[in-house]
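Q: Just so you know, the sequences run in chain order A and B.
Under full-length UniProt numbering, the first sequence has 32 at position 32, and the numbering climbs by one with no breaks.
Under full-length UniProt numbering, the second sequence has 2 at position 2, and the numbering climbs by one with no breaks.
It should be emphasised that the hints constitute simulated quantities derived from the structure, not laboratory data.
Please read all numbers here as calculations on a predicted model, not as lab measurements.
Please note that a few of the clues may not be correct.
As the list claims (entries may be wrong) - Sample of chain A residues with no beta-carbon within 12 angstroms of chain B, all distances over it, derived:
1. I13
2. D24
3. L27
4. K46
5. L49
6. T53
7. W66
8. S78
9. L85
10. S94
11. R104
12. V111
13. V118
14. R125
15. C127
16. R131
What the hints assert, rightly or not - With a Cα cut of at most 25 angstroms, we get these calculated DSS-like pairs of lysine-lysine:
17. K30/A / K137/B
18. K128/B / K46/A
19. K73/B / K128/B
20. K46/A / K84/A
21. K46/A / K80/A
22. K154/B / K62/B
To be verified - Estimated spans, in silico, between C-beta atoms of each pair:
23. P99/A / N11/B: 37 to 43 angstroms
24. E87/A / A150/B: 33 to 39 angstroms
25. E96/A / Q155/B: 45 to 51 angstroms
26. T140/B / S82/A: 46 to 52 angstroms
27. V98/A / S153/B: 31 to 37 angstroms
28. Q9/B / S82/A: 51 to 57 angstroms
Think of the CB as a built atom: it goes at the ideal place given N, C-alpha and C, for glycine as much as any other residue.
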Amino acid sequence: MSSYASGRGEQEIHVLAVDDSSVDRALIAKILRSSKYRVTTVDSGKRALELLTLEPNISMIITDYWMPEMTGYELLKSVKESSKLREIPVVVMSSENVPNRINRCLEEGAVDFLLKPVRPSDVSRLCSRMR
Amino acid sequence: MSLMALREQLNGLVNSMFLEGLLDDQFEQLQMLQDESSPGFIAELITLFCGDSERILAELTKLLDQAVVDYQKVDAFVHQLKGSSSSVGAQHVKLACVQFRQFCEEHNKEGLKGIYFFRCLRALNVVKHEYYLLRGKFDTMLQLEQRIQAYESKQQI
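From just these sequences and the hints, can you work out the full model?
A: Right, here's the structure in full:
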């Protein structure tokens with residue numbers, strides 16, 4: 001359930017994690033919750049966009065790159081092309097270290113790129129990027 | 001068996017898995033994430049991993065059984081399994097997947113298609129072997145954890 005606290009004061013930071021792998025969703029959720037973030041996980045870019053239209057207070061989107069139907073890059077593009085959503089920082093994760101891929105995502109506006117497997121130290125450096 | 005003996009057994013098992021290379025330092029990261037507020041985290045992740053892996057292995061078996069093999073689909077599934085094994089620290093399974101993917105990529109070499117198909121088949125068997133070996137030890141690990149946690153919650157009453 002969303003909480004409707006008015007200020008950021010005691011409002012939790014709400015992160016949306018997108019990954020088609022159930023193992024990786026559980027892992028990223030645990031890492032984020034250990035840092036006291038509120039986390040919602042979805043298994044596709046499509047579901048992410050659906051949730052984003054309903055839930056306005058997302059502080060960050062963390063998405064896997066390789067997903068069937070809609071890649072993390074395509075999700076990133078959709079977010080950055082939307083006037084409502086473009087301010088939300090997006091982080092892309094991938095198990096493959098492909099410089100072209102990383103550059104494309106950064107050029108499209110991703111604030112960071114994480115190599116999998118993700119670990120707590122990777123995520124702690126993201127806190128300064130949260131909206 | 002006493003609580004201490006159970007803990008020793010569990011530690012001994014996990015240490016031997018690290019020594020044999022079945023687990024790598026990603027599993028250590030998971031151990032550090034598990035705490036009093038989430039005592040079931042590793043069990044949850046392992047359960048998800050095993051469910052996923054067995055589903056993928058079944059799909060791969062079916063795909064390699066076809067008259068015409070769709071190597072793109074095979075590669076996609078192996079990529080998935082490589083990813084989840086990497087996330088839980090299942091090193092041998094991950095490495096077996098890496099090898100498997102190499103054979104998938106090579107399967108198109110002219111004049112040698114038959115050889116690469118059999119290499120893929122063998123690679124799948126290696127992945128299965130590594131997975132089921134790991135799964136057996138994970139089962140033991142989770143049983144020991146459960147017994148330890150049951151003991152600990154009794155002590156708190």
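Q: Hint by hint, note whether the structure agrees.
A: Structure-based check of all given hints:
1. Even its closest Cβ contact with chain B, about 18 angstroms, leaves I13/A beyond 12 angstroms, as expected for a residue assigned away from the interface.
2. For D24/A, the condition that its CB be more than 12 angstroms from all CB atoms of chain B is violated, with the nearest at approximately 5 angstroms.
3. At the 12 angstroms boundary, the C-beta of L27/A falls inside the reach of chain B, the nearest C-beta of that chain being 5 angstroms off.
4. Here K46/A stays apart from chain B, with its beta-carbon at least about 18 angstroms from theirs, past the 12 angstroms limit.
5. With a minimum CB-CB distance of about 23 angstroms to chain B, L49/A clears the 12 angstroms threshold, and the non-interface call stands.
6. Under the 12 angstroms C-beta cut-off, the non-interface status given to T53/A relative to chain B holds; the minimum distance is some 28 angstroms.
7. Distance check for W66/A against chain B: the nearest CB is about 7 angstroms away, which does not clear 12 angstroms, and the non-interface claim fails.
8. No beta-carbon of chain B comes within 12 angstroms of the beta-carbon of S78/A; the shortest separation is about 23 angstroms.
9. For L85/A, the shortest C-beta to C-beta distance to chain B comes to about 27 angstroms, beyond the 12 angstroms cut-off, and the non-interface label holds.
10. For S94/A, the non-interface assignment is contradicted: its Cβ lies about 10 angstroms from the closest Cβ of chain B, within the 12 angstroms cut-off.
11. With a closest Cβ-Cβ approach of about 19 angstroms to chain B, R104/A is found to remain outside the 12 angstroms limit, as its non-interface label requires.
12. The Cβ of V111/A lies farther than 12 angstroms from every Cβ of chain B, with a closest approach of about 22 angstroms, so its non-interface assignment holds.
13. A beta-carbon of chain B is positioned within 12 angstroms of the beta-carbon of V118/A; the least distance is around 8 angstroms.
14. The beta carbon of R125/A is kept farther than 12 angstroms from every beta carbon of chain B, the shortest such distance being approximately 15 angstroms.
15. Against chain B, the non-interface label of C127/A holds: every CB pair exceeds 12 angstroms, the least being about 17 angstroms.
16. Residue-level check passed: R131/A sits 25 angstroms from the nearest beta carbon of chain B, beyond 12 angstroms.
17. For a cut-off of 25 angstroms, the pair hint linking K30/A to K137/B stands: about 24 angstroms separates their Cα positions.
18. For a cut-off of 25 angstroms, the pair hint linking K128/B to K46/A is broken: about 33 angstroms separates their Cα positions.
19. Taken as a hint, the K73/B and K128/B pair is honoured in the structure, with Cα atoms around 18 angstroms apart against an allowance of 25 angstroms.
20. Annotation: proposed proximity of K46/A to K84/A holds, straight-line Cα distance about 16 angstroms (limit 25 angstroms).
21. Among the hinted pairs, K46/A with K80/A is consistent with the structure: their alpha-carbon atoms are about 15 angstroms apart, no more than 25 angstroms.
22. Proposed proximity of K154/B and K62/B is contradicted: the alpha carbons are some 47 angstroms apart, above 25 angstroms.
23. Between P99/A and N11/B the beta carbons are some 41 angstroms apart, a value that agrees with the proposed interval 37 to 43 angstroms.
24. Remark: the range hint 33 to 39 angstroms for E87/A to A150/B is contradicted by a beta-carbon distance near 49 angstroms.
25. In this structure the hint that E96/A and Q155/B lie 45 to 51 angstroms apart at CB holds, the actual value being about 47 angstroms.
26. In this structure the supplied range 46 to 52 angstroms holds for T140/B paired with S82/A, their Cβ-Cβ distance being about 50 angstroms.
27. Under the hint 31 to 37 angstroms, the C-beta atoms of V98/A and S153/B, about 47 angstroms apart, miss the expected range.
28. Checked against the hint of 51 to 57 angstroms, the pair Q9/B and S82/A passes, with Cβ atoms roughly 54 angstroms apart.
Hints 2, 3, 7, 10, 13, 18, 22, 24 and 27 from the earlier list are contradicted by this structure; the remaining hints agree with it.
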